[in-house]
Every structure is written in C-alpha cells, then in structure tokens.
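Peer 1: Single-letter residue listing:
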Amino acid sequence: MGSIHLVIPEKEEPPALHERAMDNLKYIRETMERATAFTGISGWGQVAIGFTAIASASISAQQKTFKAWLAVWMAEAVIALLIAGWSIDRKARAAKMPLLSGPGRKVAFSLSPPIFAGAIVTVVLYRAGLTNAIPGLWLLLYGTGVLTGGMFSVSVVPIMGLCFMALGAATFFVPAEYANWLMAAGFGGLHIVFGVIIARRYGG
Amino acid sequence: MARQSALKDSTQKKSATNLRDVGDAKAKHLAPSLDRLIHERMRLGIVSALAANESLTFNDLKSLMNTTDGNLSVHARKLEDGGYIACTKSFEGRLPKTEYKLTVAGRRALESYLSHMETLIHQMRNS
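Chains as they are written, first to last, in our numbering: chain A, 163 to 366; chain B, 569 to 695.
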C-alpha cells in the first residue's frame with residue numbers, strides 16, 4: 163500500500179510595490195493611447211479633404227484623356243494624405259499624445275493594405291483597358307480601409323466606410339460618364355457630411 | 569544531495585524576499601498617501617481616457633473600458649462625487665446623452681498619481 167503525501171501548493175508572492183506602480187503607469191499609457199485612437203480621426207480634416215475632392219472632380223471632368231483624369235485624382239490622393247496626416251497629428255498633439263503612439267499607427271495600418279491593393283489593381287486594369295472599373299474600385303477599397311480602421315474608433319467611422327463601399331459597388335453598375343460624379347459624391351460629399359458629424363461630436 | 573539543493577533554493581528564496589521587503593518597506597511609506605479614488609483600475613481608466621479627450625459620452629467610455637452599464641455608472645458616480653469628473657445630461661433628438669469631462673481637480677489628481685507612481689519606481693531603482 164502506497165503512502166499518501168499531502169501536497170500544499172506554494173503561495174504566490176504578491177507583486178512588489180514598484181512592479182504594481184510600473185503596471186499602473188503602463189495601464190494609464192495604454193488607456194490614453196486607446197482613447198486617443200478612439201476619437202483621433204479629425205472631423206475638420208475630413209471636411210477639408212471633401213472640399214479638395216470636389217474641386218478635383220470638377221477639374222478631372224474637364225480632362226480629355228483618361229491619363230489626364232488619372233493624374234488629377236492621383237494629385238488629389240497626395241493632397242488628401244497630407245491633409246489627413248496633418249489634421250490627425252494636430253488632434254493628437256492637442257491631446258498631448260504622440261502621433262505614432264496610437265491614432266496614426268492604427269489609421270496607417272488599416273488604410274495601407276487596401277490602398278496598396280488598389281494601386282496594384284489600378285495598374286492591372288489600366289493595362290487591360292478596363293479603366294471604367296477604376297472609380298468603383300477606389301471607392302470600394304477606400305471604404306474597406308475606413309471600415310476596418312473604424313472598428314477601433316467611434317461608431318460613425320465604420321458607418322462612413324460602409325457608405326463608401328455601397329457607393330463603390332453602385333459605381334460598377336452605372337454608366338461610365340457618371341463615375342466621376344459618384345467619386346465627387348463619395349470622396350467629396352461623404353467626407354464633408356461625416357467630417358462635420360465627427361468634428362461636432364468629438365471635438366475637432 | 570536533493571536535500572542540500574532544496575536548502576539552497578529555500579535560502580535563495582528567503583534572501584530574495586528579504587531584499588524585496590527592504591525595498592518595499594522604503595516604498596511603503598508612500599502608499600498611505602495614494603489617492604484611493606483613482607487607484608481603483610476602472611476609475612483610473614476612466615480618468616486616463618478623459619485626460620486624452622475633451623469629453624466622452626457614456627457609450628464611448630463603456631466601449632473603451634469594455635464594461636457594463638452598471639459598473640461604469642457606479643465608478644463614474646464615485647468620480648463625480650469626488651469632483652474629478654463633470655457630467656452633463658442632454659438630449660440628442662429624442663435620445664438621452666450623458667457626457668463626461670475631466671475637471672481641473674481630476675487632471676491634478678491624475679498628474680499627482682502619475683508622479684507618485686514614478687517616485688515609487690525611482691526609489692526602488694535607487695535602493
């Protein structure tokens with residue numbers, strides 16, 4: 163008959179005070195980063211992007227060739243990127259949070275993959291002569307990026323992403339001559355409408 | 569042999585605990601002055617989130633802190649009673665909207681809590 167040994171588990175020692183202090187500081191920093199990312203998208207920045215997009219749509223409508231049309235929208239993409247970066251940085255600074263700590267990183271990570279995919283597919287469609295599909299593709303993929311990035315943000319941001327996706331899907335099925343104006347409605351109109359909502363509700 | 573090794577382990581553990589005790593004893597005199605109102609995790613989270621934003625609604629905070637309505641209400645009320653946050657209730661259309669802002673006293677309390685934590689860490693590193 164074997165003997166029975168009573169096994170008493172060793173008590174885990176409570177963490178030392180300085181470990182708890184470090185843990186608390188980490189928690190404060192992470193919560194502030196999460197909260198900044200939550201409302202980090204600048205509403206007024208979106209409004210500014212909306213107005214430049216409407217201006218670009220009216221300039222691109224006057225272009226005779228597809229190449230010229232594409233060049234106008236490419237320039238608009240660069241301008242929009244600069245405005246978005248500047249406005250998010252400004253809002254992050256106002257909250258005393260570094261740009262790359264939370265909001266900037268999340269927006270960059272969520273928007274970059276669909277924009278990269280959009281650039282590649284644009285080249286493929288251009289080479290294949292399927293240029294009519296490009297406006298719908300841009301709206302659809304931009305909406306995808308906003309929707310996924312918006313999951314970390316206030317609820318109005320993913321709704322904006324969904325609207326872009328719906329508009330992008332519709333653009334595939336309308337005659338090509340309306341595509342430029344649907345781009346104006348999306349990159350212009352949706353940015354202005356949702357930008358005002360974000361600015362009013364979430365401080366700038 | 570096994571007994572010797574067990575004895576060695578036990579001695580090492582004891583000396584580690586002693587060292588920790590000495591350090592903790594140095595730091596413990598700071599502990600009584602800790603602000604208990606924001607030392608609690610949920611309340612510390614609410615104050616930190618509000619420090620990074622001009623204001624947040626009840627639903628924003630609930631989603632950020634990943635908590636329930638009841639839990640958030642209880643902790644927010646305690647902070648409000650302590651004068652650390654201010655609450656305004658309004659209507660957006662027909663829907664009630666509760667908004668929270670960090671007060672000057674709340675920001676000061678968070679700053680002092682942060683410096684308290686830093687002092688603790690600094691003291692332990694120097695000991």
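Everything labelled a hint here was simulated from the structure, so no lab data went into it.
Everything numeric in this text was worked out from a predicted model, so none of it was measured.
Please note that a few of the clues may not be correct.
[Claimed, not checked] Under 10 Å between C-beta atoms, here's a sample of chain B residues computed to sit facing chain A: (1) S601; (2) L605; (3) H607; (4) A619; (5) S631; (6) E648; (7) R693.
[Unchecked claim] Heads up, simulated DSBU-like pairs for lysine-lysine below, C-alpha to C-alpha not over 30 Å straight-line: (8) K646(B) with K188(A); (9) K630(B) with K657(B); (10) K665(B) with K646(B); (11) K630(B) with K188(A); (12) K646(B) with K669(B); (13) K657(B) with K646(B); (14) K630(B) with K665(B); (15) K669(B) with K630(B); (16) K226(A) with K657(B).
Built from N, CA and C at the ideal position, the CB exists for glycine as well.
Peer 1: With reference to the structure, classify each hint as holding or not holding.
Peer 2: Going through the hints against the structure:
1. At about 13 Å, the closest approach between the beta carbon of S601(B) and any beta carbon in chain A exceeds 10 Å, and the interface hint on this residue is violated.
2. Hint status for L605(B) relative to chain A: violated, with the closest Cβ pair at about 14 Å, above 10 Å.
3. Annotation: interface hint on H607(B) holds; nearest CB of chain A at approximately 8 Å, less than 10 Å.
4. The closest approach between the C-beta of A619(B) and any C-beta of chain A is roughly 6 Å, which is under the 10 Å cut-off, so the hint is satisfied.
5. The restraint placing S631(B) at the interface with chain A holds, with a minimum CB-CB distance near 8 Å, inside the 10 Å limit.
6. Nearest Cβ of chain A to the Cβ of E648(B): about 18 Å, over the 10 Å cut. The hint is violated.
7. Checking R693(B) against chain A by beta carbon gives a least distance of about 8 Å; that is within 10 Å, so the hint holds.
8. The hinted pair formed by K646(B) and K188(A) meets the criterion: a straight-line CA distance of about 23 Å does not exceed 30 Å.
9. Pair hint K630(B) plus K657(B) holds up; C-alpha atoms about 16 Å apart against a cutoff of 30 Å.
10. Note on K665(B) and K646(B): the hinted pairing holds, with a Cα-Cα distance of about 19 Å set against a maximum of 30 Å.
11. For a cut-off of 30 Å, the pair hint linking K630(B) to K188(A) stands: about 20 Å separates their Cα positions.
12. For the suggested pair K646(B) and K669(B), the alpha carbons sit about 14 Å apart, so the restraint of at most 30 Å is met.
13. The suggested pairing of K657(B) with K646(B) holds, with an alpha-carbon distance near 17 Å, which does not exceed 30 Å.
14. For a cut-off of 30 Å, the pair hint linking K630(B) to K665(B) stands: about 13 Å separates their Cα positions.
15. Our distance criterion of 30 Å between C-alpha atoms is met by K669(B) and K630(B), whose separation comes to about 15 Å.
16. Taking the CA atoms of K226(A) and K657(B), the gap is near 56 Å; set against the 30 Å cutoff, the hint is violated.
When held up to the earlier numbered hints, the structure conflicts with 1, 2, 6 and 16 and fits the remainder.
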